[in-house]
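Build out the structure end to end from the sequences listed, making use of the hints.
In order, the protein sequence lines correspond to chains A and B.
The UniProt record's numbering puts the first residue of the first sequence at 1, with every later residue one more than the last.
The UniProt record's numbering puts the first residue of the second sequence at 1, with every later residue one more than the last.
No distinction is drawn between identical chains; accordingly, a pair holds when it is met within one copy or between any pair of copies.
In silico lysine to aspartate or glutamate, EDC-like type, Cα no more than 20 angstroms apart, as pairs: (1) K38 <-> D372; (2) K443 <-> D408; (3) K554 <-> D590.
No lab work stands behind these hints: they were computed from the structure.
As a plain string of letters, each chain reads:
2 protein chains.
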Amino acid sequence: MTHRPTTPLAGISERSALHRLLDPRSIAIIGASTNPAKRGYQAIRALRDSGYAHPIYPVNPTATKILGVDVVASIDHLPYGVDIALIALPAAAVPRVLRECGAAGIPGAVVLANGFREIGPAGAQLDAELLSAIADSGVRVIGPNTSGVFNVETGANLVGLPGVPNGPISVITQSGNMLLSLVNDNRAVRGPGFHSYVGLGNQADVRYDECVTELAAQSGTGAMAIHSEGFVDGRAFLVAAADAATRKPLVLLRGGRSAIGGRTAMSHTGSIAGSDAVATAVLRQAGVELVDRSDELAVVAGALATTASVRPGRRVAILSDGGGHATLAADAMTARGIELAELSESTQAALRVLLGPTASVVDPVDVAGATDADPSIFADAVEILMKDPAVGLVLIVGLFGGYHLRFDRSFESVENDTATELLALSAEYDTPLLVQSCYANDKIRNHDRLRAGGVPVVASVDHAVRIAEALDRRRVRRSTAHRRTSFVLPAPAKPVATHPGALDEPKARALLEATGIDTGAWTFATTIDDVTAAVTEFACACAVKVVCSQVVHKSDVGGVRLDVVAATAAANAQRIIDTVTARVPDARIDGMVVTPMAERGVELLVGATRDPIFGPIVAFGTGGVLVDALEDVAFRAAPLTELEAHEMISETRAARLLDGYRHLPVVDRNALAEFLVRVGDVVAAHPEITELDLNPVIATGNSLVPVDVRIVIGPTVPVPMERNS
Amino acid sequence: MTHRPTTPLAGISERSALHRLLDPRSIAIIGASTNPAKRGYQAIRALRDSGYAHPIYPVNPTATKILGVDVVASIDHLPYGVDIALIALPAAAVPRVLRECGAAGIPGAVVLANGFREIGPAGAQLDAELLSAIADSGVRVIGPNTSGVFNVETGANLVGLPGVPNGPISVITQSGNMLLSLVNDNRAVRGPGFHSYVGLGNQADVRYDECVTELAAQSGTGAMAIHSEGFVDGRAFLVAAADAATRKPLVLLRGGRSAIGGRTAMSHTGSIAGSDAVATAVLRQAGVELVDRSDELAVVAGALATTASVRPGRRVAILSDGGGHATLAADAMTARGIELAELSESTQAALRVLLGPTASVVDPVDVAGATDADPSIFADAVEILMKDPAVGLVLIVGLFGGYHLRFDRSFESVENDTATELLALSAEYDTPLLVQSCYANDKIRNHDRLRAGGVPVVASVDHAVRIAEALDRRRVRRSTAHRRTSFVLPAPAKPVATHPGALDEPKARALLEATGIDTGAWTFATTIDDVTAAVTEFACACAVKVVCSQVVHKSDVGGVRLDVVAATAAANAQRIIDTVTARVPDARIDGMVVTPMAERGVELLVGATRDPIFGPIVAFGTGGVLVDALEDVAFRAAPLTELEAHEMISETRAARLLDGYRHLPVVDRNALAEFLVRVGDVVAAHPEITELDLNPVIATGNSLVPVDVRIVIGPTVPVPMERNS
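Set out below in structure tokens:
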């Protein structure tokens, strides 16, 4: 007998299901327990201990009160429209419970149980039932196989972790232990604390992209710290991230980047990590700040949550109280490609007056002992630097804040006052400040004062420089946001082919030309006489290549003749026919492509693939026969903009070949960028193209001639997702 | 009037001056002061506070007692043969004082003052006087511009830093602040403490190489943490480090690696950092563990000081209590090139029984919740892993040690007992253990128990993996020590040339052949008839190249003709003469080199240079016209061994071309390694050769034919040291 609730919950929310999941104003605990060892008991305790002030509904058929809270006998006895359900029941019960939640008007559920896709074939059946229940009920599900969700501000602690400080970092991960690491790392560096936590587990329903969009809209979120082992729909994540990153910084640590790591991630959360090089490139393209080290996630996210970007058009100035740290900071900046500010002569003169004859007054500035007797000089030096129009961020390295520990206790009040003054300067000059101090791990009042004012204080030079890098990259992003892709794919154009497989070269060339990409002069000859006519018409040495669907590597079977002139054309064509038919007995020769021999130029690689996670991707790099050995290739998601094409070119070693390297001609970078944009537009509009290879493209001036054109059409059924890391 | 000491100090040491500097049993404070703000007062206080139990002699002309210690009026009133003098006087006084110390039988001095070479031209005069005084007096000097030296074990604290814990790490740096960072970093990670500290400052006399040798001989030093901005004699450092590293691990952080950092280092300690790529390669060749991050120096040195290498012939096993950390650890291992152990079937079966059906029993092993209710299961799992003959180190990642904080206080004693058991297992199976725990920054008894037993416990996955990498590299070094160079240069051979400048090609080829390096078939033709004769004799297509000292880039001025056959030889030779003389009016053509056209093969680069810091260096990489763009080059100090040549080859992308890449022939790696060893022997024995370039060398099978041979002879006067970073 189904109970029909007669009293809907007062003020049923207009908010979206996901909004209610991340900021619930009423919570049902399905599987509530009187046993303190059970999660269904601990969850209620955690909510109360965290100060959750909204209604809690423990659901249990036999108990009446748990921890003083009235128990509801079953889901259908709940008031209609509770915000979310925490399902603390074994996997097998979950599909049924979800359907009951749907009937009770609960829009969202957190499913803790494991035993679904992440355990492999044994969990497949239950996983299918879970997906059906989600579809049927309309309940939005976070999990399964999750540690829960947590809104620190409201105390909606469905993770059970005590003592998480309230602050601006919001976390999305697939690992509960990663949350523990972040909380402990944040505590160790005295970071700014947390706002929301979402443990996505297997992402059976709610995914990263939706959470990113939701958290970017929360006023309490200053920055997102994201740990992911894979995206279900990478393209959707790119779209959401690129949009969210214009408002809130996204910092991402990816697990499963290596082959072994990818396998581990699969057995952990059933996630597919995909190609690391592609993921790294396109996530950065979307404005996501990628960290390579797990110990940087809390530090960088904390800094981005509290600290402004480097000022537009300006650079970093280092202020050091010792040459050792100045040198290391400058090295680390260089290694990360961050330029230091060129200080004006008047700045240098002012620093010389302040700091005396032994100081270094170019960036990195080294006070060389000038602050030993009076740490307040730091504020004077910072003001001189912030006045310089070249300076967009000041990084102090060395001992600041610990002078009273190292030299003299009486410095304590001086350092406290200096910290206050530094905050005022940062505000007055609208210029962010970072501090590295080897005393940063101590509990020092002036450091905490700086942190509270949005100045990160860290012990590690490397962390400080890593933060500067992130703030500097945000400077670049902000000034170029309007020149970047939204990652939204256009509506598919009319397919260029319907049968899967490689197009023959004439079709491939014709396809590119139809989309406005010139492939240089060529003729498709179907008779030997046609070959001779084509070579005669080109009136220069030509390449003649067999067109034959049975041949994959043309030159391996004698299917290519070079430097063919009119007089030798017929003989060469006959030689191709003889050799190919001898070596490939079933070969059906469709004809031959005749092209003028390529001019001398820079050999480039231009290509495109359809990534199973992120969709259409453009590749660019050094072309020619060494391409596999060199692995000099940059990736971008298509469609891409000209700015992004230029950035892509600059990342490669091929870029060094473009400006007149040795005896090679100069290549027009604008023409090259435009070419890459067009290739991107083609693959973005043609989902049936799964592979496009132009290798080499011979580049001279603004001429870009693909010597070989290879296009592969995929099957019309969606390509199954495959690991390709 | 000079006072002659009549009472030499009892038991004058037989120990070397440097030994006495690093472990002084009597100390004179020159410039002792009654003013507590002065270093000459603080030094005495620091010695007393640090428990220094040997004689202290403050030297001051007016005072009688300082801090209760009897004052000596002048240096010549000291007992003869005090171990060391701390000179706390301004720079100008230092040369005179050193001479007085020498007369008083003091073998070593620590000079704190700055104002010498590090301030540039203004300090040059005083620097010269300092060097004279050192030479004249025979006193070994540490500094100037140093924070001092410190023997933590004896309390010989000449730095003034309080509270440095006694332990096995010995530090050599040029930055006093770096010592502060190391001490604070060590404290933050609850590391093992310090034994000796040497601040070398400007290295006017005592250098890194001597300190490394001295510290390696100290029983109290477990590992060295070295920070350097440059080596005065890099070759001496390589010799000393390679020898010391067989006994004690050396961990090195280099400052001044970038151009800006190098400039900063120069103004900090007058140091020359040199080429970063060369320094990185040769220091690693010497067995030095290089860290790229300042926040890794204390962590890695602390671990190497207390923890054994990965067992020979074995690999790393990861044991995790969560998939997130297992994945990240596996990724970080892969990124650092560390192989994980392949666990035997019986190991996997035993883990399955212990950990249940959801655990991952391949490396990385993930207990997947099996330890949540009983952390002692870690010890059982570790024992299973250590029994496996594939496992040479176990790395635990996740929460271990913090279960009592995360789950239940009652786990505290279980975790303490488990820690004890883990130490016993590590000893029983002679297998090192590392622990990463996100609770490592808390003060936890079981963690400290592990640390005291030589098991590093760290919070960062990256630090844990970095330690594993260092222990793994030590495994490799230990098993191959006998197959590596000592870096000792042979006595110079008879010079091959005395005039500086580039040798002409026939001389360069003859030189190589004289040393046993085949340069392929070639003839030096001095007439047109000789050219024809040579081409005729080779009976194949040939290359003809002009020999002319006025021509640097032969092909740019028409000095090279390819594919020359007998019939066209004379015309080609005449064409070369005509073109070159037309384009280079003052050209004096000495003749032409005729070689058979190179076969198709792999184009490699083999070269050698004389590094201003480290001496003769061999280079290897991808050759041909793209060489500058690709920058695919590995370096080794010469003379090098075959093993080192093989390692060098493997580091390059060129290595991918050697095993039959595309249509290229297979190259015999042994022949290539032997070739590199011979080139190394040549440049090691011929200091007059400053540059040797074979680019390309065409490699096919075991044939290695240099197409071009370029050798430059340096001036006979020593090359002035130059920055080349």
